[in-house]
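Asks: Residues per chain are reported as follows:
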Amino acid sequence: MRITKEKLRWLYETMYRIRRFEETMLEQTFRGNAMGVTHPSDGQEAVPTGICAHLTEKDWIGSTHRGHGHCIAKGLDTKAMMAEIMGRYTGQCKGKGGSMHIADFSKGMLGANAIVGASVPLAVGAALTSKYRGMEDESVGVAFFGDGATSQGVVHESMNLAAIWDLPVIFACENNQYAEATPAWYAVSTEDIAARADSYGIPGVQVDGMNVFAVYEAAGEAVARARAGEGPTLLELKTYRYHGHFHADDPKKYRKPDEEEEYLERDCLKHFEGLVTQQGAMTEEELQGIRDEIEQEMQDAVDFALNSPMPPIDELYSDVYVDYSNPLAGLR
Amino acid sequence: MRITKEKLRWLYETMYRIRRFEETMLEQTFRGNAMGVTHPSDGQEAVPTGICAHLTEKDWIGSTHRGHGHCIAKGLDTKAMMAEIMGRYTGQCKGKGGSMHIADFSKGMLGANAIVGASVPLAVGAALTSKYRGMEDESVGVAFFGDGATSQGVVHESMNLAAIWDLPVIFACENNQYAEATPAWYAVSTEDIAARADSYGIPGVQVDGMNVFAVYEAAGEAVARARAGEGPTLLELKTYRYHGHFHADDPKKYRKPDEEEEYLERDCLKHFEGLVTQQGAMTEEELQGIRDEIEQEMQDAVDFALNSPMPPIDELYSDVYVDYSNPLAGLR
Amino acid sequence: MTTADATQTRSVLSDPGVLVPGPGYEVSGTVERYRDTFNRTLRDELDRDADVFIMGEDISGGFDRDTNEPLDAWGGPFAATKGLVQDFGPDRIRDAPISEAGFVGAAVGAALTGLRPVVDLMYFDFVTVAYDQLLSNAAKSRYMFGGQTKVPLTLFARSGGGTGHAAQHSESFYSMLAHIPGLKVVVPSDPYTVRGLLASAIRDDDPVFLVNDKKLINMEGFAPDESFAFPLGKGRYLKHGDDVTLIGMSYTSVVCKQAADMLAEEGIEAEVVDMLSLSPFDEEIIVESVMKTNRVVIVDEDTPRASMASEFAAIVADKAFDYLDAPVKRVTGPHTPVPYNKGLETAFMPQPDDVVSTVRAMLDGE
Amino acid sequence: MTTADATQTRSVLSDPGVLVPGPGYEVSGTVERYRDTFNRTLRDELDRDADVFIMGEDISGGFDRDTNEPLDAWGGPFAATKGLVQDFGPDRIRDAPISEAGFVGAAVGAALTGLRPVVDLMYFDFVTVAYDQLLSNAAKSRYMFGGQTKVPLTLFARSGGGTGHAAQHSESFYSMLAHIPGLKVVVPSDPYTVRGLLASAIRDDDPVFLVNDKKLINMEGFAPDESFAFPLGKGRYLKHGDDVTLIGMSYTSVVCKQAADMLAEEGIEAEVVDMLSLSPFDEEIIVESVMKTNRVVIVDEDTPRASMASEFAAIVADKAFDYLDAPVKRVTGPHTPVPYNKGLETAFMPQPDDVVSTVRAMLDGE
Ligand SMILES: Cc1ncc(C[n+]2csc(CCOP(=O)(O)OP(=O)(O)O)c2C)c(N)n1
Ligand SMILES: Cc1ncc(C[n+]2csc(CCOP(=O)(O)OP(=O)(O)O)c2C)c(N)n1
Ligand SMILES: [Mg+2]
Ligand SMILES: [Mg+2]
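Residue numbers (our numbering), protein chains in the order written: chain R, 1 to 332; chain A, 1 to 332; chain S, 1 to 366; chain P, 1 to 366.
For the record, the hints were derived by calculation from the structure and aren't laboratory data. Watch out, some of these pointers could steer you wrong.
Taking beta-carbon pairs under 10 Å as the criterion, some of the chain R residues facing chain P (in silico) [stated by the list, open to error]:
1. M1
2. R2
3. T4
4. M35
5. E84
6. G95
7. Y178
8. P183
9. A195
10. D198
11. Y254
12. K256
13. L316
With a Cα cut of at most 27 Å, we get these calculated BS3-like pairs of lysine-lysine [what the hints assert, rightly or not]:
14. A:K270 with A:K5
15. P:K319 with S:K319
16. R:K5 with R:K252
17. R:K58 with S:K150
18. P:K82 with R:K252
For every residue, glycine included, the Cβ atom is placed at its ideal position computed from N, Cα and C.
The task is simple: from the sequences and hints, build the whole structure.
Replies: Here it is, written out as structure tokens:
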């Protein structure tokens, strides 16, 4: 596998940006600055990073309640994201969506989605558009979803549809081994989720989701297949969330310390740093430079969000429909 | 495989009863005596017969829009069935359900169901009841569904649930190769539906659904596993419907004559008759005797139905709830 | 599209409630079956815009076993899409496996990324299987993403009793759909209105659900040759009268008209309002008519509780309260599933007689 | 179940609308949080009947990695089932994978074969995912099979805005459920009523959906020690008054009561009706109250179109028409999804001020 220096930098920058975004966002949440519930993805950074490294703005991704990492990897602006989480008018969705509904259609991001499994067919639909247009811009769809989502019927339906129609879509199952407090060993009836690909006659690949290079490589093949019109791939990315299910959840209640330690050992940033410095691809100074830049970016994002206005109350009634004003603006 | 003479008789009787019921029902439908749409299952008789041969009234089956065969194999009364199809008060459901909703809870028949895939979790629920009660009566659930239904999410969900909870349920996929006019090769993304069992870590068996002995044998193993607490099995029964999708459908529009001929060659009754007479297990006279009895039964069923009263109009308002009369009996 | 000899020129009933065509407007057209108008309108929209495609189970139906080419053996339930696959090919007339949630979701995804999908959901009842995609994604995407996107999706399905399809194939619960913010719902009642409303639905940038009552599908009526867009959210008058307002929607507009004709023989002049759209709906035409007649009977095949019949009653009780001379009456399906037996099924559906006797009782009661 | 010192004796507000306990009835109980009453009532029913079991995602939540024993780490969203798995075991407190259609369907199957399942659907919004099983199987089985079976199934979920959960976790569309023939819907508004209605729901032989508004869950109130069944379909008065009737349901009953207290300070005596059940619902209490006050404001957080607010308005406009002195008013959520931002979310939900100003305008208008 050959990776350009630029791409290498991007991988680190993106993973670190996600990590620090989640930490910063959590800090703000605990200070009472987020308006609702947030689901941090720290620990899982290598997955969206390694996959989105192959995507451009013309490609589309569907995301989940745990969507900040997908957003950042797809190039969304951290200022607008932070402002959205703080419910501000300058937010990605004018403060109307919040953490679980961040979207940026200009960046090929179909939105975080708070119904488990529900965004998977959206990515299939985006791939259908691409194929319908004769793959003229070679765009592909990526559906991110968790181990818990594999139990949802619509995910099965989506894979069947993509398979029979040979659609350019990558099913990216982020197996972090838990759905809320429920372990995958309890809820998922197969050891290897990747093997379910056989049910649809498509390739299935199990990948170490803590290793961004492994993700990058597997995703590269899947994306290339899709762009070449060879149809969908199922990737199972074995990963781990460091935090609880949502901001206020304590995972210690249902996980063992040694399990967490094992994954912290294999942390994607640590792994990356070790490898690139060892191999001389990047220096510790370069890495520190990136970290410093991102530190500043996070500070700027928080400042931007905190100083942004709230949406005017009229926003309650807009955007319900495209072309006519809402005739029932609250029966008051 | 050893089969008692009594069981042998039952197999033939049941298959022949289904065949003649469908033919008689169709005749009545074309005479305008059925009140709605009917979906005949002639051609597929070996499947419900070979499976229900292992069941008692304590076992539960879930069925489909094409449910007459399942009903008959589960021991429902052909008089009450015919009367139901003719919308009579003496019908299995007082004329309120019709062909697509025949049920008999006293016989362990959870009902035909007109939403494709929707009865599959019901059979899982029946199996859950059995397991909840510690398998005290060893009852099992059987979910009948078609090749078309395999695309429905709820079928996937049901298999996952049954697998993780080790429920005594048999998933009986009647692969007659078409869903309405849509062939399975188009809509189902795998060659072998049985192989999807791997996705749930349960056994999957592909069976010649035109051969009642093959069905009987495979079902026997699946039912035994279930009763022994060893969990679910997926059976794929390769079969064929002779008639169109529903009474007025002409399958010649989307099937080839040679395809139909091939299956008519392998007709389950013909196959049975050839085998048992050849092996001397039953005589042609015995078989004829059975056929004559059933001929009479069909005549009786039609007479019974035609001479039965229609439900009183008040029946429109009853059975909506158990315990209170309907407060909104039509706003008129 | 229509043969010369079938073409006729008709003056289309025009009234304040009908914006297109306007007063005095004459239009050339054909008397044809609702299903044929529907099919022809789909064809027009497919011709007009290459981004429009149709998806659903058996909408062509059947494939040649040797060539794998679609055969158009089915052409959709009630032949809605018959003949289209030959001209537009299987990518634009796309047969789908039985997975309503999956393909409605895929249609939403396609709509979010630039296409204009039209989904045939077959029987109206199957909307429940795709309900989450409809409610949580199609209807909410624009709002929850702060207006940055749109969902130009059209869905249609066949509703109603009358064909012996029983409890799971006979529903008319469009009330539930109209309840959903972000979704639009239209209920044409004849070839003319389905021609205009289907075109509007497909051209509209919001998700629109079009309901075809099975009892309308084989009815004949006048439909313009040229395609046109009937405005979403507008009702029309089917008859004028001073004594009572009858409000119908979908097939019950036909029922109301029949009841009005029967009442006219008794010297009672009913005004018939055909809602045509349920979300948005034409509040003005309701209020305008009730201000004139001072009495209203709302007729709907959907079950009554929290229904569009309730909604129209509530609107009258609020906005036309001062003009009302009698209690607001509803004639609806009962709070029951739809039964199989023909006699029961007929009793389930509001009949002209039910409307007539409700009006009589209302007038007698004063 | 309750500690001695927390036990109190209270006279429970009793009125024609409340059948249990009857006039003058005294009952010993506790002031506690709604969630604790809910949990305690589940426990009582599990104790009472071995056929009752609970199923849902994370209702215990978490397993010991060594023993595979459930840990009760979550105990359900908002701790509804906390502590139950220890006493009743994982077969009766059954964690389910994320497959609402599948496990609601399995619950219907279990109910059809003799058990009494209680399903926790978590957030109310997820009902859409299981919608077909609820509507086509749970609600219709008894009817379409001619009365030969019953479906003793209970479902519950958390509705409403107020916690910043945004568009897909804040719905209150119980109107849609009330629309479904064969299903019952109850909306308790405090610990006392959830104690009685949850028990009734579980003991009832029909499918019952119980809605818990998130804003109620941490509220405190009086709940009897002993378990009792509050009749399904009955409303109650929260306050008597002669000037206007305020109709609330679920959390808006609290809103109505607050508004009534504010109005009382201005000398306006509002009567507050708490519906408690939406299907069946208490038509009599509505008519009775409006006959007395001659004015009505219906308050509901659900969106307005084809809603229970519309239904109650329609009932008033039909059955109490002759007693009405003013147009029937509704104060509801707007026809929009629920927004995230706190200010917008607050504006979405009907507030006491909205009710007060509606009443004022109504009285001024006369
Ligand atoms: C349809 C639906 N059911 C339940 C939930 C509640 N819920 C939110 S996240 C979650 C767990 C999801 O697990 P997984 O798919 O593994 O994603 P992860 O949280 O691990 O990223 C659940 C049950 C939901 N949001 N939607
Ligand atoms: C949810 C749903 N979608 C569509 C239909 C319409 N429909 C009825 S039967 C059928 C085909 C079913 O095919 P299959 O499962 O193979 O059963 P078969 O008819 O071959 O017995 C379809 C599409 C339906 N009844 N329910
Ligand atoms: Mg997970
Ligand atoms: Mg089939």
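Asks: Indicate, hint by hint, whether the structure satisfies it.
Replies: Going down the list of hints, with the structure as the test:
1. Taking 10 Å as the C-beta contact cut-off toward chain P, the hint placing R:M1 at the interface is violated, the least distance being around 35 Å.
2. Contact between R:R2 and chain P, as hinted, is not supported at the beta carbon level, the nearest pair being about 40 Å apart and thus beyond 10 Å.
3. This hint is violated: R:T4 has a C-beta 39 Å from the nearest C-beta of chain P, more than the 10 Å allowed.
4. Contact between R:M35 and chain P, as hinted, is supported at the beta carbon level, the nearest pair being about 4 Å apart and thus within 10 Å.
5. Restraint check, R:E84 versus chain P: the minimum CB separation of about 8 Å is within 10 Å; hint holds.
6. Restraint check, R:G95 versus chain P: the minimum CB separation of about 4 Å is within 10 Å; hint holds.
7. A hinted interface residue such as R:Y178 counts as satisfied when its beta carbon comes closer than 10 Å to some beta carbon of chain P; here the least separation is about 9 Å, so the hint holds.
8. Checking R:P183 against chain P by beta carbon gives a least distance of about 6 Å; that is within 10 Å, so the hint holds.
9. At a threshold of 10 Å, the smallest CB-CB gap from R:A195 to chain P is about 17 Å, leaving the interface hint violated.
10. Among the interface hints, the one on R:D198 is violated; its C-beta lies about 20 Å from the nearest C-beta in chain P, farther than the 10 Å criterion.
11. The restraint placing R:Y254 at the interface with chain P holds, with a minimum CB-CB distance near 3 Å, inside the 10 Å limit.
12. Checking R:K256 against chain P: minimum C-beta separation of about 5 Å stays under 10 Å; hint holds.
13. About 5 Å separates the beta-carbon of R:L316 from the nearest beta-carbon of chain P, less than 10 Å, and the hint is met.
14. Restraint check: the Cα-Cα separation between A:K270 and A:K5 comes to about 18 Å, which is no more than 27 Å; the hinted pair holds.
15. For the proposed pair P:K319 and S:K319, the alpha carbon gap of about 18 Å is at most 27 Å, so the pair holds.
16. Restraint check for R:K5 and R:K252: the C-alpha separation of about 39 Å exceeds 27 Å, so the hint is violated.
17. For the given pair, R:K58 sits about 17 Å from S:K150 by alpha-carbon distance, which is consistent with the 27 Å threshold.
18. A threshold of 27 Å between alpha carbons decides the hint, and for P:K82 with R:K252 the separation of about 17 Å falls inside it, so the pair holds.
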